[in-house]
Amino acid sequence: MTIVSALEQPMAKDRHTYSITGGVPLEGSITASGAKNAVTKQLVASLLTDQPCVLHKVPRIVEVDLVLGMLAELGTEVTWLGEHSVRVHTPEVRETSLSAMYSGVNRIPILMMGPLLHRRGETLVPLPGGCTIGKRPIDFHLEGLRQMGADIAEHPTSVKVHVDRLAGAHIDLLFPSVGATENLLLAAVRASGTTVISNAAVEPEIVDLILMLQKMGALITINTDRTITVEGVRELRGVEHTTIADRIEIASFAAAAIATDGHIEVRGARQEHLVTYLNTLRHIGGDFAETKDGLEFWRARPLTATDVETGVHPGFMTDWQQPLTVLLTQATGTSVVHETIYEDRFGYTEQLSAMGASVELTMRCLGAVACRFHGRDFQHTAKISGPRRLHGADLVIPDLRAGFGYVLAALVADGTSTITGTRYLERGYEQPVAKLAAVGARITTQPV
Numbered sequence: 234m235t236i237v238s239a240l241e242q243p244m245a246k247d248r249h250t251y252s253i254t255g256g257v258p259l260e261g262s263i264t265a266s267g268a269k270n271a272v273t274k275q276l277v278a279s280l281l282t283d284q285p286c287v288l289h290k291v292p293r294i295v296e297v298d299l300v301l302g303m304l305a306e307l308g309t310e311v312t313w314l315g316e317h318s319v320r321v322h323t324p325e326v327r328e329t330s331l332s333a334m335y336s337g338v339n340r341i342p343i344l345m346m347g348p349l350l351h352r353r354g355e356t357l358v359p360l361p362g363g364c365t366i367g368k369r370p371i372d373f374h375l376e377g378l379r380q381m382g383a384d385i386a387e388h389p390t391s392v393k394v395h396v397d398r399l400a401g402a403h404i405d406l407l408f409p410s411v412g413a414t415e416n417l418l419l420a421a422v423r424a425s426g427t428t429v430i431s432n433a434a435v436e437p438e439i440v441d442l443i444l445m446l447q448k449m450g451a452l453i454t455i456n457t458d459r460t461i462t463v464e465g466v467r468e469l470r471g472v473e474h475t476t477i478a479d480r481i482e483i484a485s486f487a488a489a490a491i492a493t494d495g496h497i498e499v500r501g502a503r504q505e506h507l508v509t510y511l512n513t514l515r516h517i518g519g520d521f522a523e524t525k526d527g528l529e530f531w532r533a534r535p536l537t538a539t540d541v542e543t544g545v546h547p548g549f550m551t552d553w554q555q556p557l558t559v560l561l562t563q564a565t566g567t568s569v570v571h572e573t574i575y576e577d578r579f580g581y582t583e584q585l586s587a588m589g590a591s592v593e594l595t596m597r598c599l600g601a602v603a604c605r606f607h608g609r610d611f612q613h614t615a616k617i618s619g620p621r622r623l624h625g626a627d628l629v630i631p632d633l634r635a636g637f638g639y640v641l642a643a644l645v646a647d648g649t650s651t652i653t654g655t656r657y658l659e660r661g662y663e664q665p666v667a668k669l670a671a672v673g674a675r676i677t678t679q680p681v
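Take 234 as the starting number for the sequence shown in my numbering and just add one per residue.
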């Protein structure tokens, strides 16, 4: 067993670069890791109790290390029980603020406000960071906490909050924000009275967080109209919980199988978390089947173009957009991908064009109903013409999800590509090199 007693410096540079030679169909099996977007929030939820919590299927990724470092700074005792199981125990919250080193690192600190308010009545957290994919304001978070009685002072790089005890409220979100929904859930479970969150996000990762909180003693109801009702309780207990599989990683390897005309089984994949994505794969010529241990993916016919619009769950997930865009460069015809979640998420396509892809960005919305970016100066729609033969290039990863898009482009390209900025990819993908090599990718690493 390894005990974490000191926080780690957030990873600021690559440990290595990737070299990928394309043109090889990927064949074989991998096991899906636990969902980054679930387990990091579940680690934060452990702060709501002074009893031990044990989480299973925890991916060994940089983002998890960062969250564990934050928890250790606050007083959490962290013990690894195995490769993917961790025990977190915060008998006493020793600190109510996080050090400035976490300012702009990711969006987790802002989610710690509710648990810290319940444990200590005050907190000072750095403003969030994360991938540079557009504006990701925290207005919804702060307004919801204000409605619950919190006194909030905003500073240029931090937010200071205090309250005697949070009180239930009826909170109407203007947009079903995942982060705001998570934040309000973590704040509401131990608040006095009942909290109703209208227009809430209901992604599988949020449902998994709710399942963990319910095991801890929370009273939470998910209604059919995007409304979540939380009856506050005084105390929560410790829990043992296994997080769901990462549907973004699963979608990434599904795209890799189809783009390279290969065949990949992803153990642990669940159809119910991927319904919209699976429909899209079939529309363009891919297919899937359930196996004993998960799902398998392959190309069933020549790929053809399609139109896709990202949206909140159960729509097409914004984090599926990048591997799909690369996949559509190999499809016959002109595809349209309309991004409605983040206004600046197609910056990565410039390097795809340098590889030979035909991608045109426009400010126009897809379809008859305009999205919230209509009439604003955002190139949030991409037209992809194909099939186009890609060639190897030197690629620089700008953010986490674009990272696997570049890996996928290198896998289908002629020749060899060198990829830097791998630290972004490794924030969210567990052992990507080993998993790619396991299905036949010609990938090597070079230390920096």
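By construction, these hints were calculated from the structure, which means they are not laboratory data. This structure is a prediction, so every number in the text was calculated from the model and none was measured. Please note that the accuracy of each hint is not assured.
As the list claims (entries may be wrong) - Ranges between beta-carbon positions, derived for each pair:
#1 Gly-261 to Val-508: 22 to 32 Å
#2 Asp-647 to Pro-389: 43 to 53 Å
#3 Gly-648 to Thr-567: 23 to 33 Å
#4 Ala-670 to Gly-648: 37 to 47 Å
#5 Asp-458 to Thr-649: 33 to 43 Å
#6 Thr-460 to Met-334: 45 to 55 Å
#7 His-516 to Arg-459: 22 to 32 Å
#8 Val-440 to His-516: 36 to 46 Å
#9 His-403 to Pro-370: 14 to 24 Å
#10 Pro-370 to Gly-256: 57 to 67 Å
#11 Glu-593 to Thr-264: 45 to 55 Å
#12 Thr-460 to Asp-384: 49 to 59 Å
Just so you know, even glycine gets a beta-carbon here, dropped at the ideal spot from N, CA and C.
Tested hints:
no., hint, result
1, Gly-261 to Val-508: 22 to 32 Å, "holds, 25 Å"
2, Asp-647 to Pro-389: 43 to 53 Å, "holds, 48 Å"
3, Gly-648 to Thr-567: 23 to 33 Å, "holds, 26 Å"
4, Ala-670 to Gly-648: 37 to 47 Å, "violated, 19 Å"
5, Asp-458 to Thr-649: 33 to 43 Å, "violated, 52 Å"
6, Thr-460 to Met-334: 45 to 55 Å, "violated, 38 Å"
7, His-516 to Arg-459: 22 to 32 Å, "holds, 26 Å"
8, Val-440 to His-516: 36 to 46 Å, "violated, 26 Å"
9, His-403 to Pro-370: 14 to 24 Å, "holds, 22 Å"
10, Pro-370 to Gly-256: 57 to 67 Å, "violated, 43 Å"
11, Glu-593 to Thr-264: 45 to 55 Å, "violated, 38 Å"
12, Thr-460 to Asp-384: 49 to 59 Å, "violated, 27 Å"
Going down the numbered hints, you'll see the structure goes against 4, 5, 6, 8, 10, 11, 12, while the others check out.
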